[in-house]
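Asks: Sequence:
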Amino acid sequence: MNKKEDDVKVFIPKPKTGNQADASFDEMKKDYLNGNLSKAKNLGRIVAGTFAKDAENNELLKLSVSCGVDLTRKIKDEAIILCVFTAEYAFDRTMTKTLSAAAVSNFYDVLTEDSAELYNKLLSSGSYSFYYMDIDENENGSLADPEKIGGTFAMLCSEKGNENFIKYGSEIFSLSYKKYRNMIDNTEFKK
6 MNKKEDDVKV FIPKPKTGNQ ADASFDEMKK DYLNGNLSKA KNLGRIVAGT
56 FAKDAENNEL LKLSVSCGVD LTRKIKDEAI ILCVFTAEYA FDRTMTKTLS
106 AAAVSNFYDV LTEDSAELYN KLLSSGSYSF YYMDIDENEN GSLADPEKIG
156 GTFAMLCSEK GNENFIKYGS EIFSLSYKKY RNMIDNTEFK K
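Counting from 6, one number per residue, gives the positions in the sequence shown under the numbering used here.
Keep in mind that the hints were calculated from the coordinates and are not lab data.
Remember, it's a predicted structure, so these values are computed and weren't measured experimentally.
Careful: at least some of the hints might be erroneous.
[Stated by the list, open to error] Here are the simulated BS3-like cross-link-like pairs (lysine-lysine), alpha carbons at most 30 Å apart as the crow flies:
#, residue 1, residue 2
1, 58, 79
2, 44, 102
3, 165, 153
4, 183, 46
5, 79, 67
6, 81, 153
7, 81, 126
8, 44, 58
9, 126, 67
10, 44, 126
11, 102, 35
12, 81, 165
13, 58, 34
14, 34, 184
Based on the sequences and whatever the hints tell you, model everything.
Replies: And the structure:
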């Protein structure tokens with residue numbers, strides 16, 4: 006088959022329209038100038054630091070006991086992955102795109118520096134995809150149902166349908182989300 010050069014179609018992505026690009030740039034510039042960008046980055050570092058503190062206080066162990074779950078290494082790893090997912094979900098749900106991106110970026114920077122093993126488990130885990138499937142999109146944004154998250158957590162722990170595991174996953178998500186949401190709300194972002 007002989008084709009002429011002018012028969013070949015080349016895809017050229019269309020750039021964002023001036024208004025969209027300008028609005029994104031203006032938002033980022035405003036957040037930089039009023040200090041919000043710096044606050045978001047610091048928040049990401051602080052939230053990442055909570056994992057070590059929670060580990061010292063055996064928060065996941067205490068919660069597992071109250072839910073009737075024997076906390077093995079595999080289950081603890083899955084619980085930590087759920088906490089990391091919840092932190093990212095809280096950033097995305099409650100902050101502007103620019104501030105969320107800054108917080109998430111620094112959050113992962115701290116995880117890679119302080120806990121490379123955890124970060125590598127996150128990279129190799131498919132858990133995030135399953136948790137994201139539990140999020141419903143509606144006119145109010147993304148909404149996660151703690152019961153669905155708990156069911157997914159149980160499935161990922163090879164305990165599908167086990168009420169204790171569903172409760173444990175649901176409690177991890179709910180309590181973590183509340184904690185991260187409070188941290189975000191207490192960060193005095195300027196309007």
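Asks: Would you pick out the hints that fail for this structure and give their numbers low to high?
Replies: 13
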